[in-house]
Each structure stands twice: as C-alpha cells, then as structure tokens.
Amino acid sequence: MSILPATDAFVKEPVRGGRRRLPSWKLAVGAAIVGAFVLIAIFAPEIAPYGPLKTDPLNTLQPPGAPGHLLGTDDLGRDELSRLIYATRIDLPIAAAAALLSALLGTLLGMAAGYVGGWVDMVVLRVADLVQAFPIYILLIALVFALGAGARSFLIAYIVVDWVVYARLVRGEILRVRGLDYVLAARAAGLPNWRILFVHVLPNTIGQSVVYVMSDMVFAILALSAFSFLGVGISPPAAEWGAMTAEGQQFLGVAWWLTVCPGVAIALVALGLSLIGDALQDRMRR
Amino acid sequence: MGRFAFVGKRLLALVPLLLGIVFVVFLLLKITPGNPAREAVGLRASPQAVAQAARTMGLDESVPGQFLHYLDDAIHGNLGYSFKTNSPVIDVLKPQIPVTAWLIVVGVMLSLLISVPLAVGAALRPDGLVDHVVRGLSVFALSMPIFWVGIMLITVIALPTGALPVGGFGHGFLGHLRAIVLPALTTAIALSPVLVRSLRATVIEVLESEYVSAARSLGVSGPRLVRRFVMRNALSPMITLLAVQTGYFLFAAVIVETTFNLPGLGQGLVSAVDNEDFPLVQGYTLVFAVAIVVIYLVADVVVALLDPRVVVEG
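Chains A and B, in that order, are what the protein sequence lines are. When we follow this note's numbering, the leftmost residue of the first sequence carries the number 1, and every step to the right adds one. When we follow this note's numbering, the leftmost residue of the second sequence carries the number 287, and every step to the right adds one.
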C-alpha cells in the first residue's frame with residue numbers, strides 16, 4: 001500500500017496505484033538496523049551468553065574481551081553483552097507501544113473529530129488545547145511522578161501527552177479529504193459511514209502520521225531511557241539501557257564500558273528509526 | 287493595533303493559561319495514590335494524628351475549596367511545605383534557581399554558537415556538501431541520549447585532562463564557570479540539531495525573499511549580505527524558536543543536572559520525586575510551567591518590539 005497522501009491523481013483510484021520506487025539507502029540502512037535489533041529481542045535467550053541477572057562475584061568489573069565476556073562485566077559480575085541483549089526486550093516493546101498506542105488513540109479521536117464534527121470535534125480540540133498549553137516535557141515528568149515508576153506509568157503518561165499530535169494531523173487531513181469527489185461518490189453510493197471512513201478516508205489521511213510514528217518512537221526510546229536513568233522509569237536490577245547507564249556512572253573512571261555500551265545501543269536504534277522516518281518523509285515529498 | 291495593545295492582549299491571554307496550569311498542578315496531587323496526611327505524619331501515627339494533619343493541610347475542605355486555597359497561597363508565593371524537612375517549598379527552590387539559570391544562559395549561548403554557523407552554512411547552498419554534512423550530524427546528535435552525551439564528555443574530557451570538574455557547581459564566579467562548561471555543552475549538543483533544522487529553513491526562506499534579491503542585484507554579497515540582510519531578518523524567528531524550545535531545554539536541564547550532580551532545579555525535582563515529597567514536586571512543576579509561559583510571553587513581546595510586522599499581523 002502506498003503511503004502517498006491523496007492528491008487529485010488519486011481521486012479516481014485512491015490508495016492503490018502508487019508507483020513503486022526503489023527503496024532509498026536510508027530506508028535500507030534504517031530497516032537493517034531496526035530489523036537486527038528486533039531479531040535480537042526475539043532471540044535474546046538464544047543469543048545471550050548469560051542470563052541478564054546472573055551475577056558472578058569472582059569476575060566483577062572485567063574489561064571487554066575478558067575470557068567469556070565480550071563486553072566485560074559490571075560490579076556484580078553480570079555479563080554486559082547479555083544485559084544489553086536482554087534490554088532490547090524492555091526498551092523496544094515499551095517504546096513501540098508508547099508511540100503506536102498514542103497513534104491509535106490520536107487517530108481514532110482525530111477521525112471522530114474530523115468526520116463527525118460538531119460537539120465531538122469541539123471536545124477533542126479543547127482537550128488537545130489543554131494538553132498542549134502545558135509544557136509537554138514537564139507534564140510528562142509530573143505524570144510519571146504522580147503515577148509512580150514502572151512501564152505502565154510511563155505508557156500512560158506518554159499516551160496522555162502524545163495522542164494530541166496524531167489527533168491534529170488526522171483531523172486536518174480528514175477535513176481536507178472529506179469533500180473530495182471519491183468520498184462524495186462513496187456517500188452517494190450509500191456505503192455505510194464506517195466503511196467510507198476506514199476503507200476510503202483513513203488510508204488517504206494517515207501518511208503524515210506514519211512518518212511521525214518513526215520520530216515518535218525515537219523520542220519514546222530516548223524518553224524511556226532518560227526516565228530510567230533518572231530513576232523514575234524502569235528500575236534496576238532489570239536490564240534497561242538508561243538504568244544500566246545510571247548504574248555504570250558510579251564506575252566511570254574504572255569501567256567505561258558500562259556507560260559507553262548502553263548509550264551506543266540506544267543511539268543505534270534511534271538512528272535506525274530516524275533513517276526510516278527520513279526516507280518515508282522524502283517519499284512523501286516527492 | 288499598537289504595540290502596547292499587543293503586549294496588553296498577550297498579558298491578558300496569560301491569565302487563563304496560568305490558572306489552567308495551577309489547576310493541573312493542583313490536580314496532580316489529587317490523582318497521586320496515597321493519603322498526603324498519612325505521608326506527612328508517618329505510617330505509625332494514630333488516626334487522630336492523621337486527621338489533625340489533614341486539618342492543618344486543609345484536606346478536610348471540599349475539593350474546589352482546596353483549589354481556591356492553593357491558588358491563593360500560590361499567588362502569595364506560598365507553595366506549601368516539604369513533607370521531609372518541613373521547610374517552605376519556596377526556600378528549597380530559591381538557592382537552586384541561579385544554578386539552573388547559569389546552565390540555561392551558557393547553554394543557550396553555546397547552542398547559538400554551534401547552530402547559527404551550521405544553519406547558515408547549510409542554507410547558503412541547500413543540498414550542497416555542507417548541507418548534507420550538517421543534516422547528517424543533526425540526525426546523529428538527535429539519536430544520542432542526553433545523559434549519555436554528558437557522561438561521554440566526562441569520560442573523554444573531564445577525567446583524562448582534569449581541567450574541568452566531573453560534577454558539582456564549584457565556588458566563586460570562575461568555579462561556577464568551569465563547572466558549567468561541560469553541562470552547558472551537553473545541553474547545547476542536545477538542543478542544536480533542533481535549532482539547526484528550523485534555522486536552516488528560516489534562512490532559506492529569507493534568502494529567497496524579494497529584499498535579498500534586491501540587495502543582491504545592488505551588488506551586496508558574501509558575509510555582508512548574510513550579516514546585514516539575512517541575519518537581521520532571521521533574528522525574530524530565531525527568538526521565537528528558542529522560546530518554543532524552552533520546555534525541551536528545561537527537560538534537558540533536569541537530565542544534565544542529574545548527570546553532572548549540579549544542585550539546580552532539575553536535580554531538585556528528581557530528588558523530590560525520589561523522596562516522594564509531593565509538595566516539593568508540585569512546587570517544581572508549577573515553577574517550571576510558569577517559567578515556560580513567561581518566557582513565551584517575553585519572547586513574543588521582544589519579537590513584537592523588534593519587528594513591527596508581527597503586530598500588524600497579530
């Protein structure tokens with residue numbers, strides 16, 4: 001399915017019919033990075049040499065390359081590589097869920113606001129205004145605090161703040177599309193509203209949101225690790241990249257690998273997602 | 287509309303916004319699980335002591351009554367008392383403000399030093415070599431976690447050279463300055479990619495405008511064109527841009543202060559969260575939110591004073 005926004009060229013045959021283009025190098029590299037991390041997350045128990053919480057009091061703070069420990073060990077003798085690998089099972093799904101659930105909620109509310117209009121539109125817009133009037137980062141911190149540390153709080157706080165972007169994007173697109181010929185034709189043909197909305201309108205309006213989901217996931221993964229670093233996200237001893245960095249910071253002078261490695265992992269995933277987002281954006285612009 | 291009317295209108299619009307902020311911050315305490323009166327007197331206190339604490343904290347009032355009370359106190363600078371130390375919230379916050387102010391002022395200066403040349407260089411030849419390098423760098427910088435950038439600067443600069451402190455705020459003006467360099471640089475690295483992206487677009491827009499074409503046709507070119515015609519007109523969008531990023535800046539400050547152990551508002555907020563000190567967290571949230579709103583206002587007013595076109599359009 002094409003992610004191109006509806007233009008006049010698509011009115012006769014919306015969505016299907018976008019010309020195939022060669023994937024750009026950005027898309028290829030980004031997808032390779034993200035795909036590799038997803039595979040690592042799925043096969044973590046098979047790949048990781050040790051368990052993420054397995055301590056070894058005899059081999060603490062081993063440097064990278066020590067026998068049996070490719071990336072060294074931490075102060076409890078836990079294998080750094082294994083912890084990095086297992087962390088993909090925390091960071092990736094939570095960040096993805098935060099962005100995707102926000103997208104889902106925002107898209108539904110934006111659709112309702114744009115298509116139904118009237119008081120639904122007004123309520124959605126006013127609530128969106130209220131959320132956006134508040135400085136979002138501070139709201140995020142305050143919400144995470146009010147809800148307590150943990151994945152659930154992070155998800156709730158993130159969605160409360162983030163759905164607004166999608167709702168506005170989708171609402172704006174729907175207002176633009178709903179007067180176009182093919183929608184009017186669908187209406188005249190007597191198709192039920194839900195069918196028009198989900199089959200004909202939605203695919204032509206979510207292009208921008210799809211692009212935004214990518215940068216949103218970047219932000220979600222950075223936010224999750226930052227909150228965990230600050231001690232209000234995922235708490236130790238769970239293997240999470242931000243929390244691991246915070247733990248490693250105590251050993252800055254003696255064990256640089258404990259802080260360098262998790263940051264590289266975060267930056268790599270974020271980079272991969274940014275590249276995919278950039279590639280999609282380039283496609284939409286053309 | 288005159289300039290003063292414009293400023294007045296913006297000031298008036300501020301009132302409902304501030305009220306809304308105070309209301310949301312007040313609600314935060316209400317949605318927080320647990321009984322604040324119980325928290326204040328401790329788990330082993332008798333029911334009478336808890337009830338007594340609830341009375342002194344005004345918790346026996348109706349919720350709207352509590353809100354009005356809270357609003358009245360906040361207007362008078364009374365943000366409540368810390369659960370842990372019992373000292374007024376405002377007294378806890380006050381000594382931390384200069385630290386965060388240092389971080390932000392030096393951080394903004396470094397951000398501009400980094401992002402303005404990069405953005406102008408990229409904008410002068412869109413899709414040129416410089417543009418591609420700058421855009422690539424931005425994507426990289428945006429992918430790095432802020433706290434990690436700080437730790438890397440400590441590892442690579444502070445620890446091996448010993449020239450700059452690893453953390454803390456130092457003593458005296460020079461001590462503060464030395465202590466703030468790396469945190470400010472970290473903040474600048476986090477903020478610059480965002481600034482570069484928007485600045486680049488602004489400069490390109492200015493370069494394509496008619497007055498720049500006119501200046502060019504009169505033979506103005508090179509650095510003179512950039513300074514006199516382009517930067518002058520890019521100045522007000524730049525101020526707005528910086529103001530819009532204040533929220534992100536404070537978020538970065540929270541992380542950077544924790545990373546570098548700087549005793550500012552951000553670190554204060556994190557330790558208040560760790561201590562589950564509700565009134566303190568409320569106080570920080572309120573101060574941050576109000577600061578952001580006020581900075582928006584100041585930026586709007588400054589832009590209006592610098593650039594008469596804004597007032598006409600507004």
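The hints are simulated quantities; they were obtained by calculation from the structure and are not laboratory data. Note that the Cβ used here is the ideal one computed from N, Cα and C, for glycine as well. Take these hints with a grain of salt, some might be off.
Under 7 Å between C-beta atoms, here's a sample of chain B residues computed to sit facing chain A [stated by the list, open to error]:
1. Phe309
2. Phe312
3. Leu398
4. Ile400
5. Ser429
6. Trp434
7. Ile437
8. Leu439
9. Ile443
10. Ala444
11. Leu445
12. Val556
13. Ala575
No farther apart than 25 Å at their CA atoms in a straight line, the calculated lysine to any residue pairs in the SDA-like style are these [to be verified]:
14. B:Lys316 to A:Val160
15. A:Lys26 to B:Leu423
16. A:Lys26 to A:Ile40
- Item | Earlier hints that do not hold, by number | 1, 2, 3, 4, 8, 9, 10
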